[in-house]
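Go ahead and model the full structure; you've got the sequences and the hints to work with.
So the sequence lines, in the order shown, correspond to chains A and B. Every number in the numbering used here is 201 more than the matching position in the first sequence, counting from 1. Every number in the numbering used here is 45 more than the matching position in the second sequence, counting from 1.
These are computed hints drawn from the structure, not numbers from a lab. All values reported here derive from a predicted model rather than from experimental measurement. Even glycine gets a Cβ: it sits at the ideal position worked out from N, Cα and C. Certain hints may be false.
[Unchecked claim] Selected chain B positions facing chain A (in silico; Cβ < 8 angstroms): (1) L62; (2) A67; (3) A73; (4) D144; (5) F147.
[Stated by the list, open to error] Here are some chain B residues the structure puts well away from chain A; computed CB gaps all over 10 angstroms: (6) F83; (7) G86; (8) I87; (9) S93; (10) P97; (11) I108; (12) S172; (13) I173; (14) T176; (15) L200; (16) E206; (17) R224; (18) V259; (19) Y262; (20) S308.
[As the list claims (entries may be wrong)] Derived contacts from chain A toward chain B, CB cut-off under 8 angstroms, selection only: (21) I232; (22) Y234; (23) M238; (24) V245; (25) V246; (26) L291; (27) V295; (28) A316; (29) T319; (30) A418; (31) G425; (32) S461.
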Amino acid sequence: MQNAARLEQEAVNAPRPQLDLSGWGLRGTAIVYLLVMIALPVFVVFSSGLQAGLSGFWDNVSHPHAVSALRVTLVTAAIMTVINVVMGTLTAYVLVTYRFPGKNVLDALIDLPFAIPTLVTGIMLVLLYGPQTALAGFLQDRFDVRVLYARPGIVLALLFICYPFVIRAVQPVLVQLDERQPEAAYTLGASGWYTFRRIVFPAIRPAMLSGGMLGFARALGEFGAIVIVAGNIPLRTQTAPVYIYGKVEAGNMPAASAVSVVLLGVALIVTLGVDWMQRSRQHG
Amino acid sequence: MAEKRATHWTALVLIVLVVAYAGILLIAPITAIVQQAFVDGIQPMLDSITAPDAREALRLTAIIALATAAINTVMGILVAWVLVRYRFPGRCFIDGLVDLPFVMSPVIVGYVVIVLFGREGWFAGLSIAFTPRAMLLVTVFVSLPFVVREVMPVLRAMPPEQEEAAYTLGASRLLTFRRIILPTIRPAVIYGLVLTLARALGEFGAAAVAGGGVQGYTENATIYIFRSIHDRNDTGAYSMAILLGVISVAVLLSMNILKQVQSRRSQ
Chain A
202 MQNAARLEQE
212 AVNAPRPQLD
222 LSGWGLRGTA
232 IVYLLVMIAL
242 PVFVVFSSGL
252 QAGLSGFWDN
262 VSHPHAVSAL
272 RVTLVTAAIM
282 TVINVVMGTL
292 TAYVLVTYRF
302 PGKNVLDALI
312 DLPFAIPTLV
322 TGIMLVLLYG
332 PQTALAGFLQ
342 DRFDVRVLYA
352 RPGIVLALLF
362 ICYPFVIRAV
372 QPVLVQLDER
382 QPEAAYTLGA
392 SGWYTFRRIV
402 FPAIRPAMLS
412 GGMLGFARAL
422 GEFGAIVIVA
432 GNIPLRTQTA
442 PVYIYGKVEA
452 GNMPAASAVS
462 VVLLGVALIV
472 TLGVDWMQRS
482 RQHG
Chain B
46 MAEKRATHWT
56 ALVLIVLVVA
66 YAGILLIAPI
76 TAIVQQAFVD
86 GIQPMLDSIT
96 APDAREALRL
106 TAIIALATAA
116 INTVMGILVA
126 WVLVRYRFPG
136 RCFIDGLVDL
146 PFVMSPVIVG
156 YVVIVLFGRE
166 GWFAGLSIAF
176 TPRAMLLVTV
186 FVSLPFVVRE
196 VMPVLRAMPP
206 EQEEAAYTLG
216 ASRLLTFRRI
226 ILPTIRPAVI
236 YGLVLTLARA
246 LGEFGAAAVA
256 GGGVQGYTEN
266 ATIYIFRSIH
276 DRNDTGAYSM
286 AILLGVISVA
296 VLLSMNILKQ
306 VQSRRSQ
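Set out below in C-alpha cells:
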C-alpha cells in the first residue's frame, strides 16, 4: 500500500511535458539526420555537376563515350524492364492462380536476388556463360549470340537483380482481387484471355507499372554485376555507372559529375513519377 | 483469387513458361556457382578463404555490416517514429527522401564521399575518404531505408492511445518506448535488420570508390573478389563469392523462418 501511495505521488510530481522539448529534440535529430545523410549527397551531385556552368556540363555529357555509356544503360534497362514486366506479371499470376509441384520452392526463390550481392551475381553469370563453358560455345555456334562481355549479358544480370520487383508488386494485388469478378465473366461465356484483358489486367496495371519502373530505376545504377559481365568496352558495353567509376578512379571529376547528374536525374524523375502515381490513386 | 488445379492446357503452358524462365534466369547461374565449388574440391577453397588477405577482408566486411546494422536500427526506429507520429512542414518531402538510397547508384554514392572528403574536397580536413570510416558511411547510406520502411507501417497501424495513456500515467519517454512501442514493432525491426545486414555484407561499388580498396586496409570481401579476378586468382574469387552467396542464402532463410513464426504467432 505504501508503495502504491509513493508511486502515485511520484506520478503526480512527474513533470508534465508542457513544452515537449524532448519531442522537438527527437524530431530535430531525425530531420537533421535525413537532411545530412540523404539531401546533402543529392545536393552535392547536382552542385558539383553544374559547377562549371551549363556549357561545361554539356561538354562533358556530350563526349561520345559519355553519350554511349548513358545510352547503353538506358537501352539495357529498358529492355530488361519490358521483359521483367511481362514475365514478372505472368509469374505472379501463375503463383496466385494455380497449384503445381515445386510452387513453394519457386515462391521461396523469388526474394533470393535481393539477398545475393550483385557482384556474386556477376560471378555466377561468368561461370555459366564464360568463354570456356559449353553453353557459351553452343550459343555462339548455333545462334551466333555472345552473352558475356556483350549487351545480352548486361540484360541478363539486370533481369536477375530486378526479378522480384514486378512479382512482389503484382502478387498482393492479385491475391486481393475479388474472385467473383473473373468467375462471373467465365460464367457469362467470356474466354480466359478476354477475362484477363478486361478484368484482371486493369486491376493489376498500376502495380505492374510501379514495380517495373522501380526496377528500371534500380537497374540504372547497377554496378557490381555489370562491371563483371560487361567487360567495360567503351562505346559498346560500358554503362554509365562503370563510366563514372572509371572517371573517378582517373581523377576526372568533371566528367564523372556530369554523367552522375543525368543518371541521378533520370532515376529521381522515375521514382517521383511512381510516387505521384501511387499518391494520386490513393486520393482519387 | 482462389487457387486452381492446373488442368487446362493453357494453364500448363503458362506454368512451364514461368518455371523455365525462373530456371534459366535464377537456378542455372546458382547451379553453376555450386558446381564450381566441387570442381577442384573443397580444400583449395578453404585454403584461399583462410589466407591472411581473405581473412582481413572478411573481418572488415563483418565489422562494417554489424556497425551499419546497429546505426540503422537505432536511427531507423527514430526516423520512422518521427515520420509517423509528428506533423511538421516538409514532412512529405522528408518522407520521400528516405527511399532515395535505393535508386542512387552506389558509384555515385562513393563519388559524393570523394567530393566531400577527398583531397580537394569540401571537408578535406576530416580525412574520411579512403578509410574504413568512409566505407561505413556509404554502407549506412545504401541500407538506410530498410528499417524505416519496415517499421513505419506497423507504427502507423498502432493507435497512439496506448502511448498517450502511458505518458498520462507519468511514464517517461524511454519507459513508454521500451514497454509499449518496442514489443509491437520488434518483428518489423528484426526483419529490417536482416535486410540491412544482407545489403551491407554485399556492398561493393560505393565501398570500393569511397574506401579506395587498399589491400589490408579498406578491402572488404566484395573488393577482395574484384581484385582476385584482376589478379587471375580464380580460386580466391570463386570461393569468396560462394561464401558470400551462402551467407546471403542463410540470411534469406532466417528471414523466411521469421516470417513464418510471426504469422503463426498472429494466428
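Checklist entry - Where does the structure disagree with the numbered hints, that is, which hint numbers, in rising order? => result none
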